[in-house]
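Let the sequences and hints guide you as you build the complete structure.
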Amino acid sequence: MSDGRRFDRSAIVWGIAFILVGVAFLLDRLDVWSIEPELFAPLALILIGVAVLAGARREGTSR
Amino acid sequence: MSEPTGQRPPIPPQRPRRSVWDTFNPARLVFGLVLAAFGVIWLLDVSDVVDVDLDVVLPIGLIVVGVALLVSGTSGRSGGGLFGLGVVLIVILVLTTLVRVPFTGGVGDRTERPARFADRTYELGVGKLTVDLTAFAFDAETDPLSAAIEANVGIGQLVVLLPARSEVPCVSVDAHAGIGEVVVFGESRGGLGPDYQTRDVCTGPPVPELELSTGIGQVEVRRV
Numbered sequence: 001m002s003d004g005r006r007f008d009r010s011a012i013v014w015g016i017a018f019i020l021v022g023v024a025f026l027l028d029r030l031d032v033w034s035i036e037p038e039l040f041a042p043l044a045l046i047l048i049g050v051a052v053l054a055g056a057r058r059e060g061t062s063r
Numbered sequence: 001m002s003e004p005t006g007q008r009p010p011i012p013p014q015r016p017r018r019s020v021w022d023t024f025n026p027a028r029l030v031f032g033l034v035l036a037a038f039g040v041i042w043l044l045d046v047s048d049v050v051d052v053d054l055d056v057v058l059p060i061g062l063i064v065v066g067v068a069l070l071v072s073g074t075s076g077r078s079g080g081g082l083f084g085l086g087v088v089l090i091v092i093l094v095l096t097t098l099v100r101v102p103f104t105g106g107v108g109d110r111t112e113r114p115a116r117f118a119d120r121t122y123e124l125g126v127g128k129l130t131v132d133l134t135a136f137a138f139d140a141e142t143d144p145l146s147a148a149i150e151a152n153v154g155i156g157q158l159v160v161l162l163p164a165r166s167e168v169p170c171v172s173v174d175a176h177a178g179i180g181e182v183v184v185f186g187e188s189r190g191g192l193g194p195d196y197q198t199r200d201v202c203t204g205p206p207v208p209e210l211e212l213s214t215g216i217g218q219v220e221v222r223r224v
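So the sequences go chain by chain: A and B. Residue numbers 1 to 63, in the numbering used here, belong to the letters of the first sequence in order. Residue numbers 1 to 224, in the numbering used here, belong to the letters of the second sequence in order.
Hints may contain errors.
[Unchecked claim] If you only want the chain B side, here are some residues facing chain A, beta carbon under 7 Å, derived:
(1) Val56
(2) Pro59
(3) Leu62
(4) Ile63
(5) Leu69
(6) Gly73
(7) Leu192
(8) Gly193
FYI, nobody ran anything at the bench for these hints, they're computed from the structure. For every residue, glycine included, the Cβ atom is placed at its ideal position computed from N, Cα and C.
Have a look at this one:
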C-alpha cells in the first residue's frame, strides 16, 4: 500500500555514493584501509554511470 | 419550523501531523549545519583551542552530506546544495590523497650535502631539492651500518645523488610521486601515483635507506 510519499531517486543514489566514498576515505585516513590512487578514475566512471542510470527513467515513472 | 435532522455536525478534517522534514528542508538544514560546523572547527583550529585533523574531518563531513542527501531523497526533496558540497569534498579528498606530502620546508632550489652517514629528513614545499650523498664520511666503527634518509618535496623535483657502486654497493629505495615521474637508476615510471621500491640483498655497509616522495613532480635517484 502506498503512503503517497515520493522519492527522489537521484538524491538517494548520490547520498549512498557519498556515504560509501566518505567511509572509504575515513578508513584510509585512519590507516585501516589504503586507497590506491589508480582506482580513482575507474571508480569515478562507475559512480557517474550508476547515477546517470538512476536518473535515466522518465519523469513520472521514477518516483 | 424545521425539524432536527438528528445528524451531528460534520467533523472538520484533521490536519495531517507535520514531521520535522515537512517543516524544514533537510537538504538546506544539513547544508547549513555542515557549513557552520566546518566554520566552528576551523575557528577552533586557528585559535589553537583544539588541534583538528582535517584528514578525518573531511571524510566525516562527506558521510554527513551523504546521509542528508539520503534523507532528503526519501522525503521526496532534491538535494539542493548538498550535491555540490559533496562533490567539492570528494575533489578535496582526492587531491589530498594524491598529494600527501606536507607543504613545509620553504620554496626554491636547495642542495643538501650531509657530512656524516646518519638518519636525515629533508623537506621542501615547492622547488628543487638535491640530496647529494656522494661526499659523506663513513666510519664503520662509529657510524650506523644503515641510515634512513627521508626527503619530501610538495611540488617540484627531488634528486638524490649516490656514490659509485664501488663505494656504496647497496642502497634501498622507496620512491613515490603523487602525480608525475619516478626515475630510479635510469628506470622511469610515470603517471598517477608511480612508485619504485627496491631492496638490495647485499649487506655491505653503509646502506642508505632512501624514502623519497613528491606530491606533484619528479623523483630521481642516480649514481654519479
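So, going through the hints one by one against the coordinates:
| no. | hint | in the structure |
| --- | --- | --- |
| 1 | Val56 | 5 Å, holds |
| 2 | Pro59 | 4 Å, holds |
| 3 | Leu62 | 3 Å, holds |
| 4 | Ile63 | 4 Å, holds |
| 5 | Leu69 | 3 Å, holds |
| 6 | Gly73 | 3 Å, holds |
| 7 | Leu192 | 5 Å, holds |
| 8 | Gly193 | 4 Å, holds |
In summary, the structure agrees with every hint in the numbered list given earlier.
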